[in-house]
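2 protein chains.
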Amino acid sequence: MRIVQKFGGTSVGSLERIRATAKIIQGELNNGVEVAVVVSAMSGETNRLLAMAQEMSSAPSPRELDALVATGEQVTAALLAIELNELGISAYSFSGGQAGFTTEGNHAKARIKDVKSEHLIQHMIKGEVPVVTGFQGVDEAGNITTLGRGGSDTSAVALAVAVQADCCDIYTDVDGIYTTDPRIEPKAAKMDSISYEEMLEFASLGAKVLQTRSVELAMRYDMPIHLRSSFNLIQGTRVSKEDSNMERAEISGVAYNRDEAKVTIKGIPDQPGIAASVFGPVAEADINVDVIVQNVSEDGFTDLTFTVPRHDFAATMTLLDSLCVSMHAKEVRGDNTVAKVSIIGVGMRSHTGVAKKMFDVLAQENINIQMITTSEVKVTVVLEEKYVELAVRSLHQAFGLAQEG
Amino acid sequence: MRIVQKFGGTSVGSLERIRATAKIIQGELNNGVEVAVVVSAMSGETNRLLAMAQEMSSAPSPRELDALVATGEQVTAALLAIELNELGISAYSFSGGQAGFTTEGNHAKARIKDVKSEHLIQHMIKGEVPVVTGFQGVDEAGNITTLGRGGSDTSAVALAVAVQADCCDIYTDVDGIYTTDPRIEPKAAKMDSISYEEMLEFASLGAKVLQTRSVELAMRYDMPIHLRSSFNLIQGTRVSKEDSNMERAEISGVAYNRDEAKVTIKGIPDQPGIAASVFGPVAEADINVDVIVQNVSEDGFTDLTFTVPRHDFAATMTLLDSLCVSMHAKEVRGDNTVAKVSIIGVGMRSHTGVAKKMFDVLAQENINIQMITTSEVKVTVVLEEKYVELAVRSLHQAFGLAQEG
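Going down the list, the sequences are from chains L and E. For what it's worth, my numbering labels the leading residue of the first sequence as 20, then goes sequentially. For what it's worth, my numbering labels the leading residue of the second sequence as 20, then goes sequentially.
Among the hints, a few may not be true.
Each pair may be met inside one copy or between any two copies, as identical chains are not told apart.
Below 20 angstroms or equal to it, Euclidean Cα-Cα: the simulated DMTMM-like pairs (lysine to aspartate or glutamate) are [unchecked claim]: (1) K128 to D158; (2) K375 to D340; (3) K42 to E74; (4) K128 to E395; (5) K42 to D331.
To be clear, the hints were calculated from the coordinates, so they are not data collected in a lab. Predicted model, so just to flag it, every value in this text is computed and none were measured.
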């Protein structure tokens, strides 16, 4: 058995937490498991370093920012190796470059190109622990690069693939993935397992426990992820390939996202190329469009509605106001008090009528659905934000997700 | 004109000081000088990192300590590069490894093997500034190594040699080298220039402004050092090859060191190999012996006296007590209230009677000389610590070093 264990910022946020983390690693070694570790910076450290850079410059060089913040994980890795030594375990810290992570050259959001970690396997089979800095690598020219915030999860999965691990354990400060947000629905249940596809939908809906990139990577190489807490010994949620033999419930969970705003351009003269002329400028402004609905054309005019992150609402409205003029459209309307609610589950592939059941449940509660979008394993509706809690609880109940007892 | 500028911990001890440092670099660039920079960690940072390691382990792994503390200079280098960018200057930070520093593998006190910095010259000739972390490199296997405390000076001189600089400017918090300690003799004068040999003697006597290793390296490659303050624009002290045409004063300066203790083994049966049987065990105990005097043998017995650093006094006495028994010597005596006073100067090569003049001056003040040792450019006496100030002032006066006015 060989695993990669990844510990996030709160799991290594103090010397005391680093000691607790070393004990977790020791536990696996005592079970005969071969272990490599990926660490984040101590919580708060990256922000401390960035604050210094911001004090020097309002637009610091991305190359230098990467060199600066990369020190955060280096400190954690060395301290954890020292603590493992203290427990009698041979351990060696490795920076991203030393661990064999080569990335593209785009600083602060580099993508991993290659992970050459054969030398780490040599340590692991001897019972030694390589402690690798997450979130970073070097480009072909040897410059230090970072993968962007949260990239440590991606580092961990990539390392797990490179050292041919059986599983990538991602330790965080939550117990796992829940059927929905326990702050809204106290009966929310922790899921024992979830498929990559479902996890991707949860992650893209803003479940902050796992980065989308890391799940995509895990899915591509079929690397199971065990998402669990470093603050207790409870089994977490296992993210893996869909088990086709398993009897699936209609849906696995209910997710929501309040960070939504809706904009509509009304009365656009209906011609080919409308979408391009709207979404081109929007993409150039680095605004991330999510749900899109284009209404049936009436009398040669059409309405186009889409959602954007709420913090981009003002910028989007400004942009559309000028587009409205150039496209000879009638008007632009916006609403930044909407939210998304989604039901997610691979079970909906085999169960028919799942979407209809969702709409029925919401109708019974007199909740108006403003927009609908679906994927193979998800149905999402956009609704007024004030209905979020009611919608989530009703759906959680109606689809039988509530925890027993 | 091409130079390497090195800035120590106090010169980069805060964001404000880093800004001031960037201005100094800008000043050189504006004069058309090509510049590479070597930086230390922000003052206090190395100790902060070491304290964390010490809290984890009483004997942390040297490899991990090096990986840990190396982050200190990385942070400074990135911040300084960012600040230089802010002034409109292209600058790039480089870790020791990135800058081409290869060292031996002995952590925490690695010696530089090679500096391959051709790629830095390419930046310099374009008016760009490489900002290199001092004090560190990588060994042949790619492990991060450090050169030991103060190694940044050595890094700077080595880099100056590698990029074929005309001079290595070492910025610190003092104005230069003084004829003696101004706290003892207010008339002490700053020296405009000093030879490598003299600087070596000053450094070995504990003048903390320049590390002995860096001066040795500068002497070997004839790389002039300009030692100066980053807190003002005053010219400092230039350390370079002795100028044979120059009329030299008898001596250049008076140095002292209070960190001394004296031990004597009395009545050792006089046989070949005495010195080896004493200094072998002392060296094994990692105790640094300085001045040694062996008295003329009387009736087949001899006395051996030597000095050690004061913090090694207790350990030395314990060691000698047991050696005394095994060597059948009579007794061991110790005195940890002695000090060394030295006169230094290449001028004593051409001036005769310098040592005699020193002894006369001390005799006139009724200061008893306990031990004497000489080199080509230095005469050192060991005396009771309470006489240090009087001896320094008398010698400084008698050799005409006092600053005019």
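The hints, checked one at a time:
1. In this assembly of identical chains, K128 and D158 lie within 20 angstroms of each other by CA distance solely inside one copy; the values are 12 angstroms within and 30 angstroms between copies.
2. Within a single copy, K375 and D340 get their C-alpha atoms no closer than 36 angstroms, and across copies no closer than 95 angstroms, so neither meets the 20 angstroms cut-off.
3. When the C-alpha separation of K42 and E74 is checked against a cutoff of 20 angstroms, the pair qualifies only between copies, where the shortest distance is 16 angstroms, while the shortest distance within a copy is 38 angstroms.
4. Taking CA atoms no more than 20 angstroms apart as the test, K128 paired with E395 passes in neither setting, with 29 angstroms inside one copy and 60 angstroms between copies.
5. Within a single copy, K42 and D331 get their C-alpha atoms no closer than 44 angstroms, and across copies no closer than 39 angstroms, so neither meets the 20 angstroms cut-off.
In terms of the numbered hints stated before, the structure departs from hints 2, 4, 5, listed from lowest to highest.
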